[in-house]
Amino acid sequence: MEPQLLRTVLVTDCGSTTTKALLFERKEDRWHQTFRGEAPTTVEAPVADVTVGALNAFSEVEELSGRNILQEGLELPFIITEGDLTKGIDLYLSTSSAGGGLQMLVAGVVSTITTESAERAALGAGAIVMEAISADDGRQDFERIERIRHLKPDIVLVTGGVDGGSTRHVVEMAETLVAAAPRPRFGDTLKLPVIYAGNAAAAEEVRQILAKIAQVVVVDNVRPQLERELLGPAREAIHEFFLSHVMSHSPGYGKLMSWSSVPIMPTPAAVGDIVQSYAQRTAQSVLCVDIGGATTDLFSVFPNREGTSTFNRTVSANLGMSYSIANVLVEAGISQIKRWLPFEFTDTELADRLRNKMIRPTSIPQTIEELWIEQAVCREALRLSLAHHRSLAIGLEGRRERGISDIFRQSSERYELVDLMKLDIVIGSGGVLSHAPSRMQAALMMIDGFGLEGVTQLAVDSIFMMPHLGVFASVHPEAAYEVFENDCLVQLGCAVVPVFPSKLKRIERLAEIFLDGILLGSINRNEVTRFLTPSSGEGSLKVVPLHRSIDIGAGFGQILERRVVFGECGVIVDGRNRPLRPEALGVGAQERVLKNLGLKG
Amino acid sequence: MSRAFSPGLQVHSSYLVQKRRELPIRGEILVQQGQRVEGDQIVARAKVDGELRIVRVSDELGIAPAELAQSLTVAQGDTVQQGAVLAEMRGLWGLFRSTVSAPISGTIEFISLSTGHIGLRAAAQPLNLTAYIAGTVSAIEAERAVVIETQATFVQGIFGVGGERLGIIHLMAVKEDGIVDVQHVPNDTQGLILVGGCSPTLAALTKAAAGGAVGFITGSIDGATLSAYLGYDIGIALTGDEDISMTVIVTEGFGSVAISRRVLDALRQVDGMSASINGATQVRAGAQRPEIIAPAASVAQHDRCAASNGLVVGARVRLIRVPYFGATGTVEQLPHELEQIESGAMARVLRARLEGGAIVTVPRANVELL
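Chains A and B, in that order, give the protein sequences. All residue numbers for the first sequence refer to the working numbering, where the first residue is 1 and numbers rise by one. All residue numbers for the second sequence refer to the working numbering, where the first residue is 1001 and numbers rise by one.
Keep in mind the hints are simulated off the structure, nothing from the lab. The C-beta atom is built at its ideal place from N, Cα and C for all residues, glycine as well. Treat the hints with caution; some may be incorrect.
As the list claims (entries may be wrong) - With a cut-off of at most 27 Å between alpha-carbon atoms, the simulated BS3-like pairs for lysine-lysine come out as follows:
#1 A:Lys-87 - A:Lys-27
#2 A:Lys-503 - A:Lys-422
#3 A:Lys-87 - A:Lys-255
#4 A:Lys-191 - B:Lys-1047
#5 A:Lys-87 - A:Lys-191
#6 A:Lys-152 - B:Lys-1047
#7 A:Lys-152 - A:Lys-87
#8 A:Lys-152 - B:Lys-1019
#9 A:Lys-27 - A:Lys-152
#10 A:Lys-600 - A:Lys-338
#11 A:Lys-152 - A:Lys-191
#12 B:Lys-1047 - A:Lys-212
What the hints assert, rightly or not - Example chain A residues on the side facing chain B (calculated, C-beta under 10 Å, incomplete):
#13 Leu-85
#14 Gly-88
#15 Glu-172
#16 Ala-200
Claimed, not checked - Residues of chain B clear of chain A, computed beta-carbon distances all greater than 12 Å:
#17 Ala-1069
#18 Gln-1081
#19 Trp-1093
#20 Ile-1221
#21 Ser-1260
#22 Gly-1357
#23 Ala-1365
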């Protein structure tokens, strides 16, 4: 059916815990997301069939919408129509991250070159990288073998060497893999899917060495030259293996795939697609976070030095708000979490509360104190995941060939893509942000956690709709984008954060802020407050720094002017400078911030 | 979702436990259906590929990888004994002979002229699978798995560390809410699974483990004590592989919460009897909780079908979150509409009458069915 003729589309996202079904309908004015059903995902005993959970979610949509969608006794569980406005659906689509999502092992020769490119290829395809091994990772062979042996990856990506370079190290990596002989997670009679995307000259030998344990597919080198990265072919191969080996062997997925003419997408790949599409259409730099119970995914689109934009995705596999909440404690340290709390708490009590959340992950904060604790953890998870993202979101300088004189200039060819001063919009997703009791709490968690700088629009995904819209966009991009802007993205307002040298003394008023030519007020040092605006619409924001050493995003001492989208949080101004210093945090400071923003009586 | 509550942990004095014991790869089943087995009996066996040893031959001979072909004394597929010469090189006029020998016995799996390495695979090793619980073989899946069945006292914990252990249940002389210290731990703990109290001290855990105890079951544990016992902090509730001699299982959670009377009553019935325990916990997908299984042939009553009626008025529940963490009560009311809770969030709630008589409102997500 032609996309333009579609009227009703049902989309599921089969997550690790829940399967969410959304109904999208073409109304007279535009496409809308209309109804939502949710049911526990069923990929484990006693109900190891993903379609059972999907059907439960469909039933809830049917019940809530009053629309006759399901049918019994036929191959397809739903009625397929062609534009019928009263019953059935025109198309079914799905994404999946059930069973922990797509889990990959990547291997390369040099950690900051080929292994890093392999990681980017895997992450961009929607995978979780369980382990990245490199010839230069400081481990002995036996240590690498021991580590790999304990993993059960869905797919392995082997890279190494530029085309025309030495083959020795990448062949050694293949030897390490065959010595470790990792087994695939699904299908005990299957050979492990391995994608080789390294030096073309070594492909045949790598294939021969791995033949005993793996089914090897050879694609173009992810790093044909040092200054050039080519991730597309490896990502396509990952998607093909995902469908042919991972999905088809997961419980019930064979049936689920037969329900749709469109391939199932890994959930993060679908989110990545819609984020890229949004960044491209609005010509904005975007940072999007999905903070879940076990992992935190970050997606970004930032300008590169070639005059285009680069998309990156990272997964911080053990930073999350329930299953992994105690790991945030381990990685951040208790004092880092406590600095966000507006009340005193003993280390022991705080740590045990987080551990209790870890072992009872579905429980929710009942008291305001418990809520602040979880939101403090969220800030640290965001901070740590952004640091991880920065380390992988790397630009490669130019596409020039390297000459002898360049050989020692390798470090200068890499640069960080993430520049918070240039960030236009941050989008928050995941229960702790999307379902925070107050939108202001969500806004503040993102400002604090990411340490935003300059002027940044803030938004949240209303009901975690981005995976659904990502796969919908593969069929009907216009419709998906329309729903994304109107029903998915909840604009919160914007943050204004001046940055200045810490040695700048005796300046208390940092900047003045104007909206549509009217003075709203000033931004004061160490103060966080907000100015109310209409809750919808747009306006012209002007921020005038009051000292030549203060940067709002237009350069030191420069006036910044830009259009901003209004939201219910208004304009939040933060005079605490960056990086946040200990004296700007702690119980008293946090209490003041929360009171100023109307979050505490 | 309509079912936003935890089903609760299982505590049964008599329960028909079925354990599926599965080989990681295909192998041989060593028992018959209907056969009686002991917990430590091997019920299935498989052969796993032996270790692949990479021998860096060209490096050892000091030659380029491409020159390896002229030095080889073996071919791919050959079987060699430990010490056998794999490659040799003679210096000028045949003098100064250098050799590289096989570090282990095995088969030549590959010879790489790119790296100058030889891959030598050791013989396959047997992998033995034990029954884990004493009982009867109730089903067999050829080459793959067996199911062992037994009537037992069955208790699930909320969190544990350490893997499968077999031992004797021993109730310590400590109150339910008493902190377990060294004086509560017997001097001879060899083979024992110690039970009771809460929040054990590190000294108590260390004494128990040093004395040979194989298990320690208690109400709760302070996170810092657990970290000290393990030597590191646990960040993810994915456990069972810890390198410790004594499995630790907590039944209520972290902090200082008394061991529940239900658990204690169930385990008191099997005091002095053999039990199988496993601390492995996997909270994420598949939710595996630690378990204590004490086969008790004298108890005839089966309650395999003790399915709960779900969260209904009159159901017994435990509250699992502050401010009522650890309290138990009875469901009085299940309002249909979402209600605002103290945090400001809108949530599906229930009203429960606590044991002391107070009626409290809590999110349904914060209760466990008893």
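We went through each hint and held it up to the structure:
Under the criterion of a C-alpha separation no larger than 27 Å, the hint pairing Lys-87 of chain A with Lys-27 of chain A is consistent with the structure, at around 14 Å. A C-alpha spacing of about 24 Å is found between Lys-503 of chain A and Lys-422 of chain A, which places the hinted pair at or below 27 Å, so the restraint holds. Distance hint between Lys-87 of chain A and Lys-255 of chain A is fulfilled; the C-alpha atoms sit about 23 Å from each other, no more than 27 Å. Restraint check for Lys-191 of chain A and Lys-1047 of chain B: the C-alpha separation of about 18 Å stays at or below 27 Å, so the hint holds.
Between Lys-87 of chain A and Lys-191 of chain A, the direct Cα distance comes to roughly 44 Å. Violation of the 27 Å bound is thereby established for this hinted pair. A hinted pair counts as satisfied when its Cα atoms are at most 27 Å apart, and Lys-152 of chain A with Lys-1047 of chain B qualifies at roughly 19 Å. A distance of roughly 44 Å separates the Cα atoms of Lys-152 of chain A and Lys-87 of chain A; the hinted pair therefore is violated under the 27 Å criterion. For the hint pairing Lys-152 of chain A with Lys-1019 of chain B, the CA-to-CA distance comes to about 23 Å; that is within 27 Å, so the pair holds.
The hinted pair formed by Lys-27 of chain A and Lys-152 of chain A fails the criterion: a straight-line CA distance of about 46 Å is larger than 27 Å. Our distance criterion of 27 Å between C-alpha atoms is met by Lys-600 of chain A and Lys-338 of chain A, whose separation comes to about 17 Å. Under the criterion of a C-alpha separation no larger than 27 Å, the hint pairing Lys-152 of chain A with Lys-191 of chain A is consistent with the structure, at around 12 Å. A C-alpha spacing of about 16 Å is found between Lys-1047 of chain B and Lys-212 of chain A, which places the hinted pair at or below 27 Å, so the restraint holds.
Hint status for Leu-85 of chain A relative to chain B: violated, with the closest Cβ pair at about 29 Å, above 10 Å. Proximity of Gly-88 of chain A to chain B is violated relative to the hint, the smallest CB-CB distance being about 25 Å (cut-off 10 Å). For Glu-172 of chain A, the interface hint holds, the least distance from its beta-carbon to any beta-carbon of chain B being 5 Å, beneath 10 Å. Here the hint on Ala-200 of chain A is broken, as its CB sits about 14 Å from the closest CB of chain B, past 10 Å.
For Ala-1069 of chain B, the shortest C-beta to C-beta distance to chain A comes to about 14 Å, beyond the 12 Å cut-off, and the non-interface label holds. No beta-carbon of chain A comes within 12 Å of the beta-carbon of Gln-1081 of chain B; the shortest separation is about 20 Å. In this structure Trp-1093 of chain B is separated from chain A by more than 12 Å, as the shortest Cβ-Cβ distance comes to about 31 Å. For Ile-1221 of chain B, the requirement that its beta carbon stay farther than 12 Å from each beta carbon of chain A is not met, with the minimum near 9 Å.
No Cβ of chain A approaches the Cβ of Ser-1260 of chain B within 12 Å, the least distance being about 15 Å, so the stated non-interface status holds. Every Cβ of chain A is farther than 12 Å from the Cβ of Gly-1357 of chain B; the closest lies at roughly 20 Å, confirming the non-interface assignment. A cut-off of 12 Å between C-beta atoms contradicts the statement that Ala-1365 of chain B is not in contact with chain A; the least separation is 5 Å.
Taken one by one, the earlier hints fail for this structure at numbers 5, 7, 9, 13, 14, 16, 20, 23, listed in ascending order.
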